[in-house]
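**Student:** Protein sequences appear in the order of chains F and S.
Here my numbering = 1-based position in the first sequence + 26.
Here my numbering = 1-based position in the second sequence + 102.
Just so you know, these hints were derived from the structure itself, not from any lab.
Here a beta-carbon is modelled for each residue, glycine too, at the ideal position from N, C-alpha and C.
Errors might be hidden in some of the hints.
[Said to hold, decoys possible] A few chain S residues that face chain F, going by a derived Cβ cut-off under 7 Å, partial list only:
#1 Ser-198
#2 Ala-334
#3 Glu-337
#4 Trp-338
#5 Gly-756
#6 Ala-757
#7 Gln-791
#8 Tyr-792
#9 Trp-794
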Amino acid sequence: MALGACGERAAERVDPAAHDTFFLWAGVPPPDYLREARRVYLLAGEIRAADPLRYVRLRAIPQGAPAEIWLTVRVERIDWDDAAYEAILGDLERWQAADNRLGGLQVDFDARTRGLGNYAQFLAGLRQRLPHRYGLSITGLMDWSAGGDPQALAMLAGTVDEMVVQTYQGRETIPGYEAWLASLGRLGIPYRIAIVEGGEWRAPAGLESDPGFQGYAVFLLPPRRNVP
Amino acid sequence: MKKWQAAGAALIGACIAGPAGASGDYGCTPGWTLELPGRSCSSTIVLSPGNDSRVNLLLLLRDRAGLDGAGPEGTEGEYPETHWYGGEGRNFFDWSTLVSAFYPDNGAAYVSRWDASRCQSMMPGNDAFAAALAASRLGASERELLGAARSRIHPLCERSDEAAPLWPGGIASPLGRDFLAYLAGASSFYAGDWPVARMQFARLLRSDDPWLRETSRYMAARIEINAAIDGAFDEWGYFAGPGRADQAAVQAAQRGLDDYLSAYPEGRYAASARGLKRRAWWLAGDVRALAAEYERLLASAAAGEWQAAALVDEVDNKLFFPTWSGQPVAGKIGGPLLLAALDLVRMRSAAYARDDRVTGSGLTRTELDAQAGEFAGHEDLFTFLQAVHALHVADSPREVLSLVPDDARRTSYTPLQFSRQMLRGMALARLGDRNEEGFWKELLGGARGLYQRPAAELGLALHYDRRGAIDAVFAANSPVRDATIREILLEQSAGQALLRRMVRDGVTAEERSLASYVLLYKELTRGRYADFLADLPNDPPPPEGFRYSPMGPGAVAAEYPCPALADTVKRLAANAADVKGMLCLGEYYRLNGFDWVYFKAPPEGTLGSHTRLFPGEMIPRSAFYDKVIADPRAARGDKAYALYRAVRCYEPTGASSCGGNAVPQSQRQAWFRRLKRDYADTNWARDLQYYW
C-alpha cells in the first residue's frame, strides 16, 4: 500500500554505511567506508549528445581498488562511433591490468520507454563486442516495466546480466516509488535497486524476497558544504 | 536482512497526495513554464537563474557577437534531432543539445584513444617526431632507426605495468644520441618516472637541434604539471583536488611555463603552455588569476566557433563549480560576462542554494546594485540582472516593467534582447496585464533565433490556458505552431468538442491521430461508452510512426475470453455494470498498459494545468473487480476471475498495479481464501498459489 498508509509508518532514510554496493559518480569524493564495499560502480566517462565520436573520460584509471569495480559509462546517445567503442573496450583492459577486480561494463542511458527497442538492439551489439569475461549491466528506469514494449524487454532480458533500477531524481527518492516497483518482477531481468544516499526508502513488502532482486546499490552524493 | 537503517526517528512530514500508481512521468522532464527560478534539469533560451550556468554564459558570449542562431535569410535555423529525449520539445534543452544546435559541425576535433591524460599527446607526437627527424641534420640510417623506435613507447599508455622499451643500437652521432635521449625522456614521461624524465630533457636544453631545444624547454614544465597531480589520484581513480597536488611542483611548473613562453612567445607549444598555465593557477587555487585569464579569453573568443562552447565548459568546471574547493568564488571575479553568469546562479531560489555552495550565498539587491561600475558600457545587461532579481527574488513584477521597456517590435533579437523582452512578458503575465496577449503576439514577429519562437509561443499558450481560452491556440490562423505545446494542450486541457474538431482539422497527421487517441482513450477510461462508439473511426489510420494510435485492434484476451473491444464497449454502453463488459474492459486495460495513467495532471502553474475541459476521472481496473466481487448476480466463473485478478493486482510486491486506492493485506487474504474456498473447482482457484 503505497500511499493510503501514509502516516502509519516512519519513512526511512538511506544510510550508505549500512550497504555494500555503491555508485561513485565523477566529482564525488570516495568515503572511507568504500574500502569495505563489495561492489562499486565507478563512473568512468561519458558520450555526450553533441559528439558521438568522443568518449570523454571523467576518472583516472583506478589502481588496486579494494572492491569489485564496474566501469560505468553515462551516455546520451547510442549511435557510437568505432573510436568510442575502441576507447571504452580498451579502458576495460587498462582497468583490469591496473591491479583491479573488474566485474564488467555498465551502461547508463535513460532510454525512454518508447525507445527501448532500439536500445535493446544496441546492447545486443555491444554484448557481441564485449569479451566474455566481463559482465554487462545497465541502469534502468522504473517505468520500463510498466510502459515498455514487452518484446524490447524480452530482448533486454536475453542480453544483459543485470539492471540497476534508479528510484531517485537528483537528491531525492521519486515519490510513489513503491507502486512503480510493483511491476519489476515482470521484467525477467535480475535487478538491483539503486537508492540515493539520504533519500527516503522503505522496501516494499515482498521486494527483498523476489527471486529477481539482487540487492541494493547506493548512489553516493558529494558532501554539502555551506558557504559562510 | 535489513539493509536500510532508520536515521533516528525521521518521519517525512508531507504525505504524498494523489492516487497510487499515478506517478506519471518522473524522468527529468521540464515543467512547462517560462519561469525557471531554481536549477532544473533543462535550460531555456531565456537567460535564467534556473538554466545550466554554461547555457547562460554561452548565450552572453554569443550576445556580444549578435548571434541569435537564426538560419539564413530570416529562417529559424535547424534544430538538432533529439528523438531520444521525449518531453523537451523546442522550449527546453540540455547543454549538449544547445551546443549541437549552435555548432552543428563541431566534430572535427582530433579523436585520441588516450585523451584526458598525459597520453593524449602519444599519437600526435609520432608525427611531430617524424617531422623533426626529417628536418634534422641526421644521417639516413640513424633517422630510420630512430623513427622506427618511437612506436616502442606506445605500450606504456596501454598498460600501466609495461616495462621500459629497449632502444636501437648503432646510434653514434652526438645529434643521434640527443634524439635517443628525447625518446628516453618521452618514455619516462609517459611511464610517470619524473626524475628520469627531468634529467633526460634537461640535457637537451642546449642541443644543436632547434626542435629538441624548444621541445625540452616545454617538456620541463609539462613534467612538473604532471608530477604535481601524480599523487592526487586515489585507488578509485578519483582526483582529490589541489589540496593533494604537490604545490612545489605547481610552482616549478609556473616558472617553467613562463620560461618557455618568454623564450618562445609564438612557439609551437605556446597555446598548450598557456592552457597549462590555467591548469597551474587552478591547481594553486589562484581564483583571481584564473578568472582574469578567463575574462580575457572570453572577450577575445570567436563566439561563432565551437571552441567557444569548450571554453565555457572549462570556465564552468574550473571556476564556478570546482567540486572540491568549497570556497565561494563570489567577490573574487570581475568582468561583466563572468559576473553576470555568476549573479544568475546566485539568484536561484533558496531551495537549491545548498547545491551551489561554491558560488556564494544568495545575491542581495544591495550587492547587485553595487556592481554597477563593473557593468559600465553594458547597461542593458545590468538592468536585465536587476529585473531578474525583481521577478525571481523580490517578487515585484511591476519593477520589471520599469527596468525593461517594451521593445517587442524588433525584426530580430540577440540573446540578451530576447531575454529582456521575455522577462517583461513574464512580468505582464504575473500582473494579469490586459496587454499580455498583444505583447506575446508582437514578440513572435521578430523571434527568429533558434528556440526563440517556441519560447514566445509558450508565453502566449500559457496565457490562453490561464484564461480557459485554449480554443484560440487551435484556431485556424493561430500563431501557436509548436507541436509539443499543442500536444500538451490536447492531452491535458481539451474537451470532447475540441478534440473531435482536431481529429478532423489537426495541422499534421500526427496531431489528428493524437486528438483521436486522446478522445477515445478518455471516453473509454471515463465511462463514456456511447460517445466512444460514436467517435470510433471506421478505418483508423495505421499506428506506424505515431506516438499514439487510435484504438486499433489491441490485445483483448489472454486467459479470459473476450470479443473485439467495440463489442465489449457496446455491452457497457447498454449497461455500465455488465459483468462480462467490465471484466473484458479490465483485460483491455491490463493487456494494453492502461493501468499506467497517461496524461497525468501536470504540476500546478505549468502548461495544461489550468484548463481541464474533459469531464470525469479515470475509472481504475480495480473498480471493475470490486463491482464484480460485490455483484450477487455475477456468474460463478466471472466472480472467481474477478477475485483472482484482484489478488494478482498486488503481485509481486504488495503494491497495487491496478490503480485505485490500495486495500490492506487482510482484504487480499480474504479474497484469496474466498477464491480457494468457494470456487475451488475453477481454474483460477487452482492457478493461484499465493497472495501478496
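**Student:** Determine for every hint whether it applies to the structure shown.
**Tutor:** To see whether the hints hold, each was checked on the structure:
1. At its closest, the beta carbon of Ser-198(S) sits 4 Å from a beta carbon of chain F; the interface hint therefore holds under the 7 Å criterion.
2. Interface restraint check: Ala-334(S) against chain F, minimum CB-CB distance 9 Å, threshold 7 Å, status violated.
3. Taking 7 Å as the C-beta cut-off, the interface hint given for Glu-337(S) holds, the closest approach to chain F being about 5 Å.
4. Taken as an interface hint, Trp-338(S) checks out: its beta carbon lies about 5 Å from the nearest beta carbon of chain F, inside 7 Å.
5. Evaluation of the Gly-756(S) hint against chain F yields a held restraint, the C-beta minimum of about 4 Å falling below 7 Å.
6. Look at Ala-757(S): its Cβ gets to within about 4 Å of chain F, closer than 7 Å, so that hint holds up.
7. Nearest Cβ of chain F to the Cβ of Gln-791(S): about 14 Å, over the 7 Å cut. The hint is violated.
8. Taking 7 Å as the C-beta contact cut-off toward chain F, the hint placing Tyr-792(S) at the interface is violated, the least distance being around 10 Å.
9. Restraint check, Trp-794(S) versus chain F: the minimum CB separation of about 6 Å is within 7 Å; hint holds.
Violated hints, listed in ascending order, are 2, 7 and 8; each of the other numbered hints is respected by the structure.
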